[in-house]
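Peer 1: Turn these sequences into a full structure, and let the hints guide you.
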Amino acid sequence: QKEVEQDPGPLSVPEGAIVSLNCTYSNSAFQYFMWYRQYSRKGPELLMYTYSSGNKEDGRFTAQVDKSSKYISLFIRDSQPSDSATYLCAMSVYRDDKIIFGKGTRLHILP
Amino acid sequence: GAGVSQSPSNKVTEKGKDVELRCDPISGHTALYWYRQRLGQGLEFLIYFQGNSAPDKSGLPSDRFSAERTGESVSTLTIQRTQQEDSAVYLCASSPGLAGGGLYEQYFGPGTRLTVT
Chain A
27 QKEVEQDPGP
37 LSVPEGAIVS
47 LNCTYSNSAF
57 QYFMWYRQYS
67 RKGPELLMYT
77 YSSGNKEDGR
87 FTAQVDKSSK
97 YISLFIRDSQ
107 PSDSATYLCA
117 MSVYRDDKII
127 FGKGTRLHIL
137 P
Chain B
16 GAGVSQSPSN
26 KVTEKGKDVE
36 LRCDPISGHT
46 ALYWYRQRLG
56 QGLEFLIYFQ
66 GNSAPDKSGL
76 PSDRFSAERT
86 GESVSTLTIQ
96 RTQQEDSAVY
106 LCASSPGLAG
116 GGLYEQYFGP
126 GTRLTVT
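As given, the protein sequences belong to chains A and B, one line each in that order.
First residue of the first sequence? That's 27 in this note's numbering, and the numbers climb one at a time after it.
First residue of the second sequence? That's 16 in this note's numbering, and the numbers climb one at a time after it.
Hints listed in this document are in silico derivations from the structure and should not be mistaken for laboratory results.
Cβ atoms here follow ideal geometry from the backbone N, Cα and C, with glycine treated the same way.
Keep in mind that a hint or two might mislead.
Stated by the list, open to error - Listed next, the stretches of chain B that the computed footprint assigns to chain A, with coverage defined by at least 3 CB atoms under 8 Å from CB atoms of chain A:
1. 52 to 64
2. 120 to 127
Said to hold, decoys possible - Far from chain A, by Cβ distances over 12 Å, these chain B residues were calculated:
3. K26
4. V27
5. E29
6. D33
7. G43
8. G74
9. S77
10. D78
11. F80
12. S81
13. T91
14. S102
15. A108
Peer 2: What follows is the structure, given as structure tokens:
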């Protein structure tokens with residue numbers, strides 16, 4: 027079993043829809059959870075991070091962590107064509123050095 | 016301020032040749048990472064530098080791969096005797112490190128697209 031599992035997609039949704047992106051993981055020691063966004067031919071950029079369980083909201087984006095289920099989600103409200111990108115989840119053990127990335131989900135927002 | 020820069024942006028090389036990829040991190044960032052991203056794949060960790068500590072080389076796929084970092088500045092990833100399976104985008108990232116508030120906040124460069132023919 028891989029440490030971090032993420033459906034590669036592609037996921038196509040109409041503009042304005044709510045998008046749900048998810049990852050599962052196996053290492054219960056993970057404490058920091060991140061979402062990176064990667065546009066085509068660019069490096070990933072940090073979108074959001076959360077520590078331990080709970081929700082975090084930033085504008086149209088909400089990150090959710092359920093440690094009991096080892097499941098994290100990123101919700102995008104009022105999706106825009108500019109949200110079309112690959113979204114990578116990532117996680118690390120508290121104060122550990124190495125971040126483990128998921129393979130990324132390709133998202134297409136259809137105008 | 017300047018972000019992470021990488022050079023060259025593209026590199027085409029013949030199988031068996033050596034290549035050197037360069038990364039200039041954000042000034043003051045103590046941590047530096049190299050990743051490999053094959054087409055349609057996620058990020059594959061290669062090596063990690065943190066200050067003056069010994070680097071974490073656990074992700075290097077073979078002894079043909081090596082990397083160096085001078086202090087807390089420039090890093091070079093070297094691939095010797097390149098093979099076709101080395102074709103990928105090589106991404107560098109830097110981070111303020113633990114003392115700077117979080118290793119999770121990695122800032123990525125645009126990558127070097129390596130093609131081995």
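Peer 1: If a hint holds in the structure, say so; if it doesn't, say that too.
Peer 2: Hints versus structure:
1. 52 to 64: Three-residue rule met by the segment 52 to 64 of chain B, so holds; n is 6.
2. 120 to 127: holds (count 7)
3. K26: Its Cβ never comes within 12 Å of chain A, the nearest being 15 Å, so this holds.
4. V27: At roughly 16 Å from the nearest Cβ of chain A, B:V27 sits farther out than 12 Å, so the non-interface label holds.
5. E29: holds (24 Å)
6. D33: holds (24 Å)
7. G43: holds (17 Å)
8. G74: violated (8 Å)
9. S77: holds (19 Å)
10. D78: At about 21 Å from chain A, B:D78 clears the 12 Å cut-off, so the statement holds.
11. F80: holds (17 Å)
12. S81: Consistent with the label, B:S81 stays out of reach of chain A, its closest Cβ about 19 Å off (over 12 Å).
13. T91: At about 18 Å from chain A, B:T91 clears the 12 Å cut-off, so the statement holds.
14. S102: Holds: least Cβ distance 15 Å, greater than 12 Å.
15. A108: Given a closest Cβ separation of 7 Å, the condition is violated.
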